[in-house]
Every structure is written in structure tokens, then in C-alpha cells.
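Chemist: Could you slot chain D onto chain X? The hints should help.
Quick mapping for you: the protein sequence lines, in order, are chains X and D.
So for the first sequence, the UniProt record's numbering puts the first residue at 1; every next one is plus one.
So for the second sequence, the UniProt record's numbering puts the first residue at 1; every next one is plus one.
To be clear, the hints were calculated from the coordinates, so they are not data collected in a lab.
Don't take each hint at face value.
No farther apart than 27 Å at their CA atoms in a straight line, the calculated lysine-lysine pairs in the DSSO-like style are these [to be verified]:
| hint | chain 1 | residue 1 | chain 2 | residue 2 |
| --- | --- | --- | --- | --- |
| 1 | X | K23 | X | K59 |
| 2 | X | K161 | X | K186 |
| 3 | X | K23 | X | K34 |
| 4 | X | K351 | X | K364 |
| 5 | D | K364 | X | K364 |
| 6 | D | K364 | X | K23 |
The structure presented is a predicted model; accordingly, all values stated were derived computationally and were not measured.
Number of protein chains: 2
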Amino acid sequence: MTDTSINLYQVSCVRIGADILTKCASDCAAAGAKQVMIITSSPIAALAAPLSQALDARKIDNLVYSGPEGEPTRADLLQALAAATDFNADFVIGLGGGSAMDLAKLVAALHQSPQSFEDVVGIDLLADRTLPLACIPTTAGTGSEVTPIAIIEDEEAELKKGVVSRHLVPDFAYLDAKLTCSMPRKVTASTGLDALTHCIEAYANRFSHPVVDRWALDGIRLIAENLERACEEPNDLAAREGMLMASHLGGMCLGPVNTAAVHALAYPLGGEFHIPHGVANSLLLPHVIRFNTELEAGRYAQVAYALGVEPTGDARADAHAGVAEIERLSSVVGIDRRLSDVGISSNALPKMAAAAMTVQRLLKNNPREVTEADALAIYEAAL
Amino acid sequence: MTDTSINLYQVSCVRIGADILTKCASDCAAAGAKQVMIITSSPIAALAAPLSQALDARKIDNLVYSGPEGEPTRADLLQALAAATDFNADFVIGLGGGSAMDLAKLVAALHQSPQSFEDVVGIDLLADRTLPLACIPTTAGTGSEVTPIAIIEDEEAELKKGVVSRHLVPDFAYLDAKLTCSMPRKVTASTGLDALTHCIEAYANRFSHPVVDRWALDGIRLIAENLERACEEPNDLAAREGMLMASHLGGMCLGPVNTAAVHALAYPLGGEFHIPHGVANSLLLPHVIRFNTELEAGRYAQVAYALGVEPTGDARADAHAGVAEIERLSSVVGIDRRLSDVGISSNALPKMAAAAMTVQRLLKNNPREVTEADALAIYEAAL
Chain X
1 MTDTSINLYQ VSCVRIGADI LTKCASDCAA AGAKQVMIIT SSPIAALAAP
51 LSQALDARKI DNLVYSGPEG EPTRADLLQA LAAATDFNAD FVIGLGGGSA
101 MDLAKLVAAL HQSPQSFEDV VGIDLLADRT LPLACIPTTA GTGSEVTPIA
151 IIEDEEAELK KGVVSRHLVP DFAYLDAKLT CSMPRKVTAS TGLDALTHCI
201 EAYANRFSHP VVDRWALDGI RLIAENLERA CEEPNDLAAR EGMLMASHLG
251 GMCLGPVNTA AVHALAYPLG GEFHIPHGVA NSLLLPHVIR FNTELEAGRY
301 AQVAYALGVE PTGDARADAH AGVAEIERLS SVVGIDRRLS DVGISSNALP
351 KMAAAAMTVQ RLLKNNPREV TEADALAIYE AAL
Chain D
1 MTDTSINLYQ VSCVRIGADI LTKCASDCAA AGAKQVMIIT SSPIAALAAP
51 LSQALDARKI DNLVYSGPEG EPTRADLLQA LAAATDFNAD FVIGLGGGSA
101 MDLAKLVAAL HQSPQSFEDV VGIDLLADRT LPLACIPTTA GTGSEVTPIA
151 IIEDEEAELK KGVVSRHLVP DFAYLDAKLT CSMPRKVTAS TGLDALTHCI
201 EAYANRFSHP VVDRWALDGI RLIAENLERA CEEPNDLAAR EGMLMASHLG
251 GMCLGPVNTA AVHALAYPLG GEFHIPHGVA NSLLLPHVIR FNTELEAGRY
301 AQVAYALGVE PTGDARADAH AGVAEIERLS SVVGIDRRLS DVGISSNALP
351 KMAAAAMTVQ RLLKNNPREV TEADALAIYE AAL
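Just chain X, with the same shape it has in the complex:
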């Protein structure tokens, strides 16, 4: 840690365990909340019912607001903000995957704020958050319940835009593995590989830090131990718990260190082709690691060991064995493996490479410099 400063902005209250929705309702009551807006997304709106009932039981007025199924757009945000105003919300809960939680984070931040979404896109531009905020993940991948980040798709620009601010770190996070059991296998797999990408990119990062390294390696180990089982046996609570904790650890890495080239190159897949974030990351992860290991293998060898690879004494070979293990894992859990599998053809790649170059806030973290030609070559390898 010598000569390396780090700032950790943490959730003040994290509750882990069963029956978490009741605890959330009692925290709302203790915080004096009178009008609680629960932001969720349509496929999992049923999961919000017990929370709504727990709030009803405490005579706390509440609104279950179903946002979009996919990643929220600017229009979705404006609509949710209008609903918050109509409802006169004084407490916001995000219940769902990254989409629902990110929407909730921005509603809590911008409700009756003098700042608009455009004002706060970027790093540390959000002046404050106007409402208390709780997040409850129902997927195990994004870790958004613990990050200072919210991503919105600018539908006009066909670009994903990120707001990064310590004020987006929630006040409360609730982790109940049972809430993640309803994920379809495909979502379990892609969100799990998203969490893996968070951990790997924070560990093999130009700005890595010993504190974050521990979280990252723990997260990788938990994913290696639990992802296949969570996919095979969706109600195996121990596997779900392992994945939820791995996702949380991955999220903890995102604030202080953040991700790198995999995420930068994945952005155009989301913005233009609407490929889910976790799938986009997992398509690119092995190819970016191969590109990076040419320069520096040691960190990727450690990633491989956390994935269960036995050390052979040759770091580069071990790093490549780690990549093979990631590819095996992706294949076993049924994730698409190639860009062509998700409908991207070779003539789209140059525009994607140019778009990826605009994500310098993440590219600068990558252990190896990525030029536009490099980005194109990585996309071609992944095609």
C-alpha cells in the first residue's frame, strides 16, 4: 500500500441474511420515512410485494414503481423523477438488478434537485443526494447496491452515460440470497460473469490497491466455487449466497479502483446493440486478458489461482490456464461466446472500436495501453 492513497465510500448500514425486507421496512420507519418509493423492474415486480406489505403494516405510504426491463434510458429517468414528484417521495428503495438500482440511485439524487441528469454525467459532478436511499439486489452481478455509479443509456446518442459520485453510495443495502433465486439461468450466468469481470479488472488494474485486491480475489474465489452450482441448482441457497457476496465484493472494488478495458470495450455493445451488460463483458473478458497478459502475466496468474488453477511455476502459462478456465466456465453456464453469436458482424467493428476509445475514464485503468487498432483487433478476435 506504500505511496498509494485510497478513498473508501461505504454504505453505512449493510444487512445480510433472511427476512431482509421486514428489516428494510423497520429501517424506513426509524428514519421517519412517510412516502417510500420502491423502484423495481417489470420482470421482478412481484418481489416488491412483501416489502410493500411490510411498509403497509407500519402504515408507511408506499409506491411500487416498475421501471423498464432493460437498462434505463434518459426518458425512463425523467418519467421516474416525475412519478417521485407526484408521489411526494421522501425515501427511495431500489429493488432489482443494476437497472432498477441505478434508476433508484439517480431518482434519490436528483429528486427536486437544482441539477439535471446532464449536469451530473461524469465524475464527482453530483453536488448531493436529496433523498435517503436503500438498495436491495435481486441479481448477483452488478454490485450496484454498494457502488458510487449509475449508468443510463442516452438513447439519442446511442451511448451509455455514467454518473460517478460518492453521493450515489446508498445509505442502506440489504442482501438476501433468497431474492436472487428467481433469476433465470441465463441471467444468473451473465450477471455472475459480470461480477467476475469486476473483480478481475479491479485486481489487474493500473491503480490496484492491496485493500481492493483482497476483495477482488475473495470475489473470484467465491465465483469459482459457486457460479456453476447457482446455475445448475437455482434454489441452492448456499451457492446463491456465495454469488451474492461475490457480487457485493465486486461492487466494493468498483468505487475505489473501478474497471478497465473489458468494460470500455463492452460499452458499445450495450449502447448500440442492446446486449446485456454481463453478456457483453463475458464475451470480451478472455480476449482482453489475452491482450493484457502479453505485457504482464503475474497478476493474471494470481487471478488463475483464485479460479482454482494449480501453479506450475510459469506465470504466463498459468495466466493462460486462467483464461481457459474462464472460457470453460462461460461455456458450461451457457453464455454466448462470440460477438457473432449475438448478431454483431465484422463491418460493425470499426465504429465500435472508435466508440470504445471515448471511454478513457476506464481505458486509463487498463494495465496495457489500448489503441483504436488494438480495440479493433480484440473485437476481431472475439467475433
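Modeler: Same frame as chain X, now just chain D:
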């Protein structure tokens, strides 16, 4: 983690690295502080000067208040509260070891509060904290900058009394290893062994939890790697950083899981004999582990591996090798090894055993039940 709930009350902002006092001053400014009371203790009051100057530079009025050198008494607390009132404090910073930080925590909690110290002794009795609070450790042992605990000696009852409340978790913690370089060797050693005791007692605990287990084992590994070096070469910043992080990790274990029989049996050594907390713990640690391993060796074998013991396949033998390693480490760093070394004679032991029995809030965490006769036998073994 199945069926195990856990609540983590976390410091919202943790800053780690060099030049931390400047950052603390700018956080005070951002929080709108006008009257900052810096609570420190006499031997390290010089360390507060740069912080005071940084606040001066921002035109923030500040008072450096030197509390007692040893663990604070009720009279010390009342005196500090009176000083906070005279100064009209609106922000409290604890700068020092556990004594200074604990005093700061209670001043921030009870300043102009309707509650008195007597009202809040115990668990979850503190209704709120009235002032914002930052903690800056200058020792590496207590981890108080991250715990919900403050300990005060009731000088009339000759008993240490604990206040445990989530409201005692600071808003800000600043970790700068340089601030710990001034510790004399003896303090480095005893506080380091205190941190080791926190980690071991949270790991081998009736209420252990996977989340806390990771912190505890990381802390034990860091202490095994760094304590001797921190004692031998007081200005080795990497060793100091390792110890400061270990202390922080040990502190993180104390809120959700807390300690057990070592701490319960150490209380009477502090209350009646004024033996520093870290020394009291390290005197008892090997003897309590030996007592506990008779019932269950597996967890103590894991502790031994984190300490660097090679597994032999026999968990009990490995656990005992771990105890031997703790005794070797204590001896190398120059810690007293026996109760008789610190002036306790055999005729004091029965009263100590009776006093230890009153600390049921910690004894209930111990993996093996401790009767008064057991406590006496442990003291006799440590004599």
C-alpha cells in the same frame, strides 16, 4: 452464511494514505464545521499540531484537547464534555490510540445530549450521536476508528464499562501509517497483539460469520507478516501499513461478531490492575486458546495456518503449533508473558475470576463455556 444474519455498520468515508491530516481538514470544511475539537492524549499531542494548522489554514476554529495518557475514566469523560461545551464544539476528531478515540466517540455522542454516560452503558442504549465524528488512529491495535464500541473505566466500581451502539461508528476514518511510526516498541507490540486477539476471537467465535472470517484471517496474516518488522524497524512504512490495516480489519470484526473469553478475562486486569488492554489480552490469549482447543481445534488450526504454520493433517497439533507461534511472537517482540510479570499474585485470582464472570456479553461468544472455576484455572495457568 446460510441462516446467519449479520448487520454491518460501516464508516461512510475511510481515507487511507499519506497526507491524511490535510484531507481531514478539507472534509471538516466540506461538512461545514466551524468549531472542531481534536481529542488526543498527552503523549502524542504533538501529532495533533499539523491537523490544527491545517484547520487554521482553512480558518476553522479548533481546540486540541489532551485527554489522559491511559484509558479514560468517567471523570475524564465529564471533563472532556465540559470542555466541548465551553468550546461550543460542532465536530469532534479523535486522534490517538483507543483511549483518545473512545473518549472522542463518547464526547461526540453525549455532547448536549439528554442522555448521560450511565444511561448508555450497555448495548444499543445510545439513542443518537449529537456531533459528527472522525477518528485517526496513531496506534495499530484497537481498530476503534471503525468499531461501535467505547470503553470507559468506572473508577469507583474499579470496572471497565462498555458502550456499544451503531451511533458510535465514526463518520470518517483516516489511516496514515506514518502517524503510527512514533509508537514505542512496547506499544507497537502490545497493540499489535491486541489486534491479533480481536481477529482470533472473532474468527473462533460462537457467532462467527463468513464475511467476518475473511477480515479476521486477512488481519492475522498481516500481523504474522508485519508485527516483528514493525517492532524491529519502527520507520518501516510498509510494515506499519500492514499493521494499521490489520488493526482496522480487527476493528471491523468487533462490531458484527465481537470478542470472547480473552477479552472477558482481560477486563479485571485493566479495571483493577491498570494493565494496558493489549498487554492484558496477550497475556491471556495462549491460555484461553489452549482451553478452547480441548473442545474444538478446527478453527484454531485455521488461525495457525494464517499465522504461517504448515498443515500436518492433525488439526489439534496444528492448533497447538499456532499457540506456540503466538507465544514465540509475543516473546520476540518483548511482551510480558505471565501475570506474575505484571505484578499479579495468586491471591488476586479468585476475585478476578468472579469479576470476569460479569462480562457475559463477551463470554457468551466463546466457543467453549467458561465457568468461574475455568476462569480461575486459566488465570492460574497464566500466572
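Chemist: All hints, please: hold or fail.
Modeler: Structure-based check of all given hints:
| no. | hint | verdict |
| --- | --- | --- |
| 1 | X:K23 to X:K59 | holds, 15 Å |
| 2 | X:K161 to X:K186 | holds, 25 Å |
| 3 | X:K23 to X:K34 | holds, 16 Å |
| 4 | X:K351 to X:K364 | holds, 20 Å |
| 5 | D:K364 to X:K364 | violated, 51 Å |
| 6 | D:K364 to X:K23 | holds, 25 Å |
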